[in-house]
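Colleague: Given the structure of chain C, go ahead and fit chains F, H and E with the ligands onto it with the hints provided.
These are the residues of each chain, in order.
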Amino acid sequence: MAHGPRELGSEVVTVNEPAAPTLSDWKRMYRALWRIRTFEGQVQRLAAAGEVPGFPHLSTGQEAVAVGVCAHLTREDTLFTSHRGHGHTLAKGSDVQATFAEILGRSNGLCRGRGGSMHVVDVANGVLGATGVVGGNLPLAAGAAWAAQAKGKASISVVFFGDGATGAGVFHETVNLAVLWKLPVLFVCENNGYAEFTSREEHSNVKLVSAFATPYGMPAKTIDGNDLLTVHAEAGDAIAGLRRGSGPFLLECITYRMAGHFVGDAQHYRSKEELTAIKQKCPIERLKRHLIDRGVRETELDTIGEEARQEVLQAVARARAAPPPDPSTVLDYVYSAPALSGISG
Amino acid sequence: MAHGPRELGSEVVTVNEPAAPTLSDWKRMYRALWRIRTFEGQVQRLAAAGEVPGFPHLSTGQEAVAVGVCAHLTREDTLFTSHRGHGHTLAKGSDVQATFAEILGRSNGLCRGRGGSMHVVDVANGVLGATGVVGGNLPLAAGAAWAAQAKGKASISVVFFGDGATGAGVFHETVNLAVLWKLPVLFVCENNGYAEFTSREEHSNVKLVSAFATPYGMPAKTIDGNDLLTVHAEAGDAIAGLRRGSGPFLLECITYRMAGHFVGDAQHYRSKEELTAIKQKCPIERLKRHLIDRGVRETELDTIGEEARQEVLQAVARARAAPPPDPSTVLDYVYSAPALSGISG
Amino acid sequence: MSHTFIEILRRALDEELERDPAVHLLGEDVAVGGAFGVTNGLARKYGTQRVRNTPISEAAITGVATGAALCGLRPVLEIMFIDFATLALDCLVNQSAKYRYMSGGQLAVPMVVRTQAGAAGGAAAQHSQSLEAWFTHVPGLVVVTPSSPAEAYGLLKSAIRLGDPVLFIEHKRLYAMKETLVENAELPQIGKARVARPGTDVTVIAYSAMVRNALEAADDLSRSGTSVEVIDLRTLVPLDMATIAASVSKTHRVVIAHEAVQSGGVGAEISARIGSELFDELDAPVTRVGCPFSPIPFAPELERALLPGTPNIIRAVRDLSG
Amino acid sequence: MSHTFIEILRRALDEELERDPAVHLLGEDVAVGGAFGVTNGLARKYGTQRVRNTPISEAAITGVATGAALCGLRPVLEIMFIDFATLALDCLVNQSAKYRYMSGGQLAVPMVVRTQAGAAGGAAAQHSQSLEAWFTHVPGLVVVTPSSPAEAYGLLKSAIRLGDPVLFIEHKRLYAMKETLVENAELPQIGKARVARPGTDVTVIAYSAMVRNALEAADDLSRSGTSVEVIDLRTLVPLDMATIAASVSKTHRVVIAHEAVQSGGVGAEISARIGSELFDELDAPVTRVGCPFSPIPFAPELERALLPGTPNIIRAVRDLSG
Ligand SMILES: Cc1ncc(C[n+]2csc(CCOP(=O)(O)OP(=O)(O)O)c2C)c(N)n1
Ligand SMILES: Cc1ncc(C[n+]2csc(CCOP(=O)(O)OP(=O)(O)O)c2C)c(N)n1
Ligand SMILES: [Mg+2]
Ligand SMILES: [Mg+2]
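Protein chains in written order, with our numbering: chain C, 1 to 345; chain F, 346 to 690; chain H, 691 to 1012; chain E, 1013 to 1334.
In isolation and in its complexed conformation, chain C is listed as follows (with noise of 0.2 Å):
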């Protein structure tokens, strides 16, 4: 099935399906990489300086799986993430001015500051939410499959999760009934190792994420999510299937945060040996060096990512210099009608 255009960050990319991306395609994910992990960055600078409201959790480190997913998108597929979604919201082609100013808590925000960090919507985009609960959002993205299924709709849904949610047995029952729907979702694991200060193996004895959706008959794949090439060819392989109506897919990513679980995090449980070795593992600088492998010149690339790093800084400049959200809207949303919220008094 080919697609239209669509964008990552505000940038429009075309990626045709199934002939494999061009090089140039490559090129501008390279800079949505860089997007994202300036963006994140951007968001540590500024909650260290206590700008950011909240506890805010970055994807530095994850970008692969959030572009490499989302390039296979189009804005009527629909996108849910977790506590960790900026990479996944900008992926989808979410503005980053917008998206900044929410995690900022301004009126200009996506949400108009209501939702932050862990509650980024955007509607027109097709990015459905991210969900400050571990899991919660596993089931909403099935039903908004399900909404698609039932509307004779050719669109998917796509859900990113981490490996401590497959804890939650929402994940279980969510994988059941999409499995016996047949639903057009997407299970998107980005399996980091850890969930908050505790590492996989003392969360369950199994290793492997993919490995819950044998007993269900689920098509699933472990692929190596710091490499954007695997995460771009399996997950448009994946994709390509729930169109054609196959059901769901699980894809599990392995991959590394390269910062702590949230920004603040002393990460006294990970060892400076392990902290290092995960530098190494950085997913720009393996499409790096797999573009000047196929002869991109690297001085092209630096300017890539230095194109996308002072976008994403004027778009941060601008979300900082607009105001707070008016107090006096604080109890609108809460209803369709404002007469229904008449309890308050």
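Since the hints were derived computationally from the structure, they do not count as laboratory data. The reader is advised that the hints may include incorrect statements.
[Stated by the list, open to error] Short derived list, chain H residues pointing at chain F, Cβ under 10 Å:
#1 D704
#2 E708
#3 R709
#4 P711
#5 D719
#6 V722
#7 I746
#8 A749
#9 T776
#10 P987
#11 E993
#12 P998
All residues carry an ideal CB built from backbone N, CA and C; glycine is no exception.
Modeller: Just chains F, H and E with the ligands now, kept in the frame of chain C:
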């Protein structure tokens, strides 16, 4: 590990493990099957007559699972069950009269009439309880196993549940935890092919419940739950393993409920053929045929059956003769001390 | 024509399925009628795609309904007993109720959760609860508590057409109640209470099955000369304080009756609001009739001893007017 | 010695682990200190068998704790945010709370669920709720809401020694609060409120973090000549009506303040009970200070606008005494 004498119903049965049961063991188990069958028949009869409050669920047809598993348990082992738990409670050795009185809501019931069919508890006998919430007792059983483990006890915990309970997330959460903590808990699934009025195929793509154990590397087996010999042997092996500290085990017993989901269920969702076929799988008949093959005279077995019948009928008569609980005691047992109920005014 | 509560729910669902292709039903056994037969025949008529059986997965099915509602369906979900809504609460409270707000108005969750509550006939501690108060404490949810078949018909249809997540609570004791429906009546507005019986001496505020008890009590009391006005709240959120105020300003005496545990029940909020907003109208303390602080016992003798009913309302009114 | 709230919780847990081998801790990350560092160092001291990390499985870990409590352990379970207690509610409400009752007194669930609640600093809609009212509506549960480090110390120890399931709610805004502990003081009795500041003109009833606001308000109001008595409820179930009655009989004016959504909050029950039991003592309507009917917004400017605080209490007292 050898066990002392234990009770099935109110009668002591000695089971010498790992040696195979003797003929007289089998006869006692035959009696235990009849005790449950008669008990459930009386519940049905009196429920139809309006004498049983609530909506009891009968285990008729599933008796071999209860008897085969509980033959290996001591009073120190804890047992948890579901809404369909009369048989398990009796098989573990609870008093017939006190159990029936509870189901009638009488003052001499095990729970003084507070619990009823879905909440039978008999602490002295290690029956820590039934529950009306599908899947609800799975983690409690794991918790009891944890307590045994923490206290260095050799006892184990057993939980009976239906195939429908595997749709509940807490089943998966509990299995994960039990495997991770190597808890001495035996998960016994009575797969009777239905959850209420809906067949297993409409509940899940996963035909056999034992498949859910695979990702966790938990040992599991699917067996013929209507063949007492098989249940006894397999449960014995599994429990011996548990007592050796090898961690949890999932025993799936394929069985059939010969009655409706609850007393009063018209069973429109089942064809006449299906109901006839199920009757031919009667676990009592199967044990009878087996014992006859091994040289036991049919008349002896019929006598045992009749004795069990009479025993239960008399116990039921005594249970019915008891008065209802005193209404003035209705607020007892809410807290450890009545003063804590203070808020109720 | 006279319908039972169950029949009329079925008719309302049938008509809404017919009217709006976005309406879908889901829940355990609903394709075969559900545990109480409410959806009997609807799967045959609308297909098992629109009237869907689900596994025993209250958390997931509530999430699936919520996700589908975000995308334009109007799911009507059945949670068999409100006691099992505990399993759906994360989604209902953290997602369904808050989605509109958290998204700054970008999204909505037009969804109805039909559930069945209350004690009767020894259903015991885990199948008898009246937990509506929890949901009234969650901004974003609407809570509807019909008191009769005719009420249920209109309220269910209005709930399905609303743009918000609604908890629609059916009392098990009402299921067999029969009533004649006025055909082609206007659908009730969500948030408007109704004076179920006018009176002048004491106001009894009730909802769900307790409205019948209040009417019975009013009948009885009228014989001894006390004129009771009975208010059927219909919806707990929104709470129609205007109708309450009009009545209290007339009677100056109030009894609030519900089956739920009195402590922390909906009656507490109503009493607090009357005490604060209508302080000068009150000639006597607001009295509450509710369940004592205990789980529901199994034995019918205990159940009867615990549950509030018509005699409790009569006694409360007598104490107030005596 | 002065301790923060977090340090004092750790000390109380440490001492109880030391005192009673039946005490076990479990929860997400608790072996590495938990999300807030409360259990730092305890796994090293008592081993990871007694201070156990769990998967993200709130339903199962609550069930496991309950099952272990039935069999003689005294589990102290950490639910990281009260918002996630929604996932544990089936077990807490349908099993833990009712086990003693349903078994006719054969069994008990001596278990403490430590959880953290309240809004602060943009934690947003799903990490900021104050849901205590739900639990006060469930017979069988005890609800403890400490207002300071010293209070938390004694109350947590008493809770662990009680024979009932306890919800122990820690407010995130109190975690950094420091206080000096009176050593070797007697442990508080579960169910007794405390007069945090004596006064004569108006009674302010509060609990958890709102006690600080009440004290601040009392300080401020004393400067303009109004003497405020502040009651710290300490436990919501049991509710100490005797202490409330003594105060109201003196002041005849009451403000109830909590951070939770006002509608359906604990203040409703207290107001209803005062209105009914102390009707003749009241010189003015009971006033409630609580959160308006809305989810908690993310932006600090909105959060501040929504949440009740010291100024709201001052205003309420002024309105009453003015
Ligand atoms: C139901 C629930 N329990 C606990 C938490 C606290 N919490 C937030 S993130 C997290 C770990 C999640 O791990 P994982 O799913 O692997 O995602 P990652 O953070 O690694 O991306 C936990 C326990 C939560 N948000 N929701
Ligand atoms: C959480 C929950 N959801 C729904 C129900 C209603 N219900 C009672 S029994 C049952 C079917 C259970 O099926 P299964 O686990 O296979 O046990 P079986 O009845 O076949 O023995 C259902 C759905 C319930 N009791 N608890
Ligand atoms: Mg992770
Ligand atoms: Mg079954």
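Colleague: If you check each hint against the structure, which ones fail?
Modeller: 1, 2, 3, 4 and 12
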